[in-house]
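Engineer: Chains as they are written, first to last, in the numbering used here: chain A, 12 to 126; chain B, 362 to 476.
Do not rely on the hints blindly, as some may be mistaken.
Pairs of lysine to any residue residues, derived as SDA-like cross-links and limited to a Cα-Cα distance of at most 20 Å, are as follows [stated by the list, open to error]:
(1) A:Lys68 to B:Pro458
(2) B:Lys431 to B:Ser389
(3) A:Lys68 to B:Lys439
(4) B:Lys439 to B:Asn459
(5) A:Lys68 to B:Lys434
(6) A:Lys68 to B:Ala362
(7) B:Lys416 to A:Glu114
(8) A:Lys68 to B:Thr385
(9) A:Lys24 to A:Arg41
(10) B:Lys439 to B:Pro458
(11) B:Lys434 to B:Ser368
(12) A:Lys68 to B:Thr388
(13) B:Lys439 to B:Ala362
(14) B:Lys434 to B:Arg411
(15) B:Lys431 to B:Pro370
(16) A:Lys24 to A:Leu92
(17) B:Lys439 to B:Ser389
(18) B:Lys439 to B:Ser368
(19) A:Lys68 to A:Lys24
(20) B:Lys416 to B:Glu378
(21) A:Lys24 to A:Phe116
(22) A:Lys68 to B:Gln363
(23) B:Lys431 to B:Asn459
(24) A:Lys68 to A:Arg41
Keep in mind that the hints were calculated from the coordinates and are not lab data.
So the chains spell out like this:
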Amino acid sequence: KAGVTQTPRYLIKTRGQQVTLSCSPISGHRSVSWYQQTPGQGLQFLFEYFSETQRNKGNFPGRFSGRQFSNSRSEMNVSTLELGDSALYLCASSLGAGWRDTEAFFGQGTRLTVV
Amino acid sequence: AQTVTQSQPEMSVQEAETVTLSCTYDTSESDYYLFWYKQPPSRQMILVIRQEAYKQQNATENRFSVNFQKAAKSFSLKISDSQLGDAAMYFCALSNPNTGNQFYFGTGTSLTVIP
């Protein structure tokens with residue numbers, strides 16, 4: 012059974028640009044969550060998508076957005092990149108039917124560097 | 362509000378010895394899950410162990426066990442017979458019904474295993 016796949020693994024962007032990151036969950040999983048990991052702030056929740064709908068959202072500016080497709084693959088987009096957006100972005104997949112179904116499987120992340 | 366605190370930024374243990382990582386949390390919910398995740402240098406978060414708050418019995422997975430003290434809101438992880446492969450960052454996390462698949466993470470403990 013394939014795990015959670017995040018692409019690309021590494022990305023370097025210039026301040027002001029936008030970026031799109033992709034996450035393919037485990038087959039059959041319908042929930043995809045995104046987290047930002049930085050040395051200073053640790054792991055912070057960005058948003059969760061379930062069946063193509065955003066179900067929960069963290070405290071991030073509107074420059075951070077996401078979507079989920081009918082095959083459960085998810086993308087997150089960051090517009091007008093800032094230096095502080097440099098981070099490891101982790102995606103987590105779970106069955107997602109209810110909150111007790113919270114065994115989450117993480118991808119290896121996308122390392123974004125903004126210069 | 363939900364918070365998770367890990368007060369030990371770094372720990373070390375001799376190979377084959379036992380080590381305990383500490384975690385305290387705060388939540389107003391009576392029903393919740395607690396987790397320990399491991400993040401090796403490969404960056405992929407791996408679930409180590411999970412505890413349901415309404416279960417009094419401490420969870421155990423092979424060499425990993427927890428000491429769950431609900432009244433004290435404490436959730437420590439004990440690693441027995443430590444192995445070199447246990448070296449990683451360990452994160453304590455919390456989820457609850459109000460936030461579904463959103464995890465609240467602690468700041469992590471970096472574990473070094475000394476041969």
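Engineer: Of the hints given before, which are not true for this structure?
Structural biologist: Hints 3, 4, 5, 8, 9, 10, 13, 15, 17, 19, 20, 21 contradicted; others consistent.
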